[in-house]
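Mind docking chain B on chain H? Use the hints.
There are 2 protein chains.
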Amino acid sequence: MSMELYYWPGLPGRGEYVRLVLVAIDAPWRDMARLAERQGGGMDGLLRVLGDEREPFAPFACPVLKDGDLLIAQTPLICAYLGETYGLAPADEAERLFARQIALTTADLVNEAHDVHHPLGSWDYYEDQKPEAARRAAGFRDQRIPKFLGWYEQVLTRNPAASGWLVGAGLSYADLGLFQTVLGLRYAFPNHMAGLAGRWPGVEALVDRVAALPRIAAYLDSDRRLAFNQDGIFRHYPELDAPAVPG
Amino acid sequence: MSMELYYWPGLPGRGEYVRLVLVAIDAPWRDMARLAERQGGGMDGLLRVLGDEREPFAPFACPVLKDGDLLIAQTPLICAYLGETYGLAPADEAERLFARQIALTTADLVNEAHDVHHPLGSWDYYEDQKPEAARRAAGFRDQRIPKFLGWYEQVLTRNPAASGWLVGAGLSYADLGLFQTVLGLRYAFPNHMAGLAGRWPGVEALVDRVAALPRIAAYLDSDRRLAFNQDGIFRHYPELDAPAVPG
Numbered sequence: 209m210s211m212e213l214y215y216w217p218g219l220p221g222r223g224e225y226v227r228l229v230l231v232a233i234d235a236p237w238r239d240m241a242r243l244a245e246r247q248g249g250g251m252d253g254l255l256r257v258l259g260d261e262r263e264p265f266a267p268f269a270c271p272v273l274k275d276g277d278l279l280i281a282q283t284p285l286i287c288a289y290l291g292e293t294y295g296l297a298p299a300d301e302a303e304r305l306f307a308r309q310i311a312l313t314t315a316d317l318v319n320e321a322h323d324v325h326h327p328l329g330s331w332d333y334y335e336d337q338k339p340e341a342a343r344r345a346a347g348f349r350d351q352r353i354p355k356f357l358g359w360y361e362q363v364l365t366r367n368p369a370a371s372g373w374l375v376g377a378g379l380s381y382a383d384l385g386l387f388q389t390v391l392g393l394r395y396a397f398p399n400h401m402a403g404l405a406g407r408w409p410g411v412e413a414l415v416d417r418v419a420a421l422p423r424i425a426a427y428l429d430s431d432r433r434l435a436f437n438q439d440g441i442f443r444h445y446p447e448l449d450a451p452a453v454p455g
Numbered sequence: 209m210s211m212e213l214y215y216w217p218g219l220p221g222r223g224e225y226v227r228l229v230l231v232a233i234d235a236p237w238r239d240m241a242r243l244a245e246r247q248g249g250g251m252d253g254l255l256r257v258l259g260d261e262r263e264p265f266a267p268f269a270c271p272v273l274k275d276g277d278l279l280i281a282q283t284p285l286i287c288a289y290l291g292e293t294y295g296l297a298p299a300d301e302a303e304r305l306f307a308r309q310i311a312l313t314t315a316d317l318v319n320e321a322h323d324v325h326h327p328l329g330s331w332d333y334y335e336d337q338k339p340e341a342a343r344r345a346a347g348f349r350d351q352r353i354p355k356f357l358g359w360y361e362q363v364l365t366r367n368p369a370a371s372g373w374l375v376g377a378g379l380s381y382a383d384l385g386l387f388q389t390v391l392g393l394r395y396a397f398p399n400h401m402a403g404l405a406g407r408w409p410g411v412e413a414l415v416d417r418v419a420a421l422p423r424i425a426a427y428l429d430s431d432r433r434l435a436f437n438q439d440g441i442f443r444h445y446p447e448l449d450a451p452a453v454p455g
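As you go down the protein sequences, you meet chains H and B in turn. Per this note's numbering, the first sequence starts with residue 209, numbered consecutively. Per this note's numbering, the second sequence starts with residue 209, numbered consecutively.
One chain only, chain H, in its complex shape (with noise of 0.2 Å):
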């Protein structure tokens, strides 16, 4: 049975990192906030499956994961459960608890580069935000950047693997996750991360595998992928970025 993703329309966002597990593990599967609404979908079906009072399980927030009679929220959980379901996890069991562990990490940092434009809450817009959005990108791209990838670097250097690969010997849905969040970190701070460029080895080149990967190279080209945009968490306000580095 084909698994439905349910997340807003429009945006990358935190479904991105479950719709990138989801070509990995070749499931079949339907983002249904972007099919029409006579097929279920659209945000009828989103609010739908959000408001639905007999669901004991509902969620606190998209995106959701349906897999049968499972309904699954939270993101770092949503790709824990495909990993370790569907052959994108590692078996020992220290390895896949750091699997989940780096997963959890990761959103932590995806939170925070959403915190960057809305210092004050996601409440209010960010034009009525910008000189603490300022405030707070300055101490994110030079202090929470270098912490979480130096941290990233590391863990790779570490796997006593030595796969290239975060944990153990094969791809893992941890990894797909440090793809999409380096990504967007490149979307939405260019000049900061050009000027970082070559500092973490490891993790760049685990990006350009990932890239490289079949399927997930075949998505990447296909209108399926969603770029990154003003609506999502990592957003580009030059403004936040630093300045550029003169060539």
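Keep in mind the hints are simulated off the structure, nothing from the lab. Here the structure is a predicted model, which is why all the values come from computation and not from measurement. A couple of the hints might just be wrong.
Copies of one chain are not kept apart here, so a pair can be met inside one copy or by any two copies together.
What the hints assert, rightly or not - Below, in silico cross-link-like pairs of lysine to any residue (SDA-like), each with a Cα-Cα straight-line distance of 25 Å or less:
1. Lys338 x Asn319
2. Lys274 x Arg417
3. Lys274 x Trp359
4. Lys338 x Tyr294
5. Lys274 x Ala377
6. Lys355 x Asp260
7. Lys355 x Leu278
Just chain B, lined up with the frame of chain H:
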């Protein structure tokens, strides 16, 4: 073998979520940063675990749990691991995933509660972001607290087992997380939370019931329990609370 918890001493913080589960499963455990350094504790012991260069699964941040050979970080992951391994989680797969989802949602709420007093980043003092904190606090009090607590209430109401617990027929680690979070909100926003008394009766009943569990009650009465304070996630700044309702 005794489990080891590594977390900053002197504040309940995210470590307290793990401590409550350890207490409820009646595990032998040591709160390492609160032991003397000659016992392998103190800040030295904490930094040794965080900075161990031979550790392939070195975590990004505290809290960290050591259980035999396993080293686990990320609060909701540690709590789920302990609950599922030591009998404080549902057995049914859908319920088990839902308990994890609840714990992740609680972690999101905890992050937002922290960001109330540090909207521009944890790298700056509260005193240097007071007007911004006041603005973020208003949205958190008026929009986010009702959205989150209303969701927990809905989960309790819809639980098919009608047990008064969040998932299934018995207590799980998800309940302990909600308990600690509600206490934290009451500490941080006493006037605002007093004004909301009675609005989510199921949540309030759950909090009372957790506090009365014999192991938890004994722990709360002991000097192992760290009181909320101004170094933690939940901080009481009167200017961020709502005004007291004249009584």
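*Return the numbers of the hints above that this structure violates; sort them in rising order.*
2 and 4
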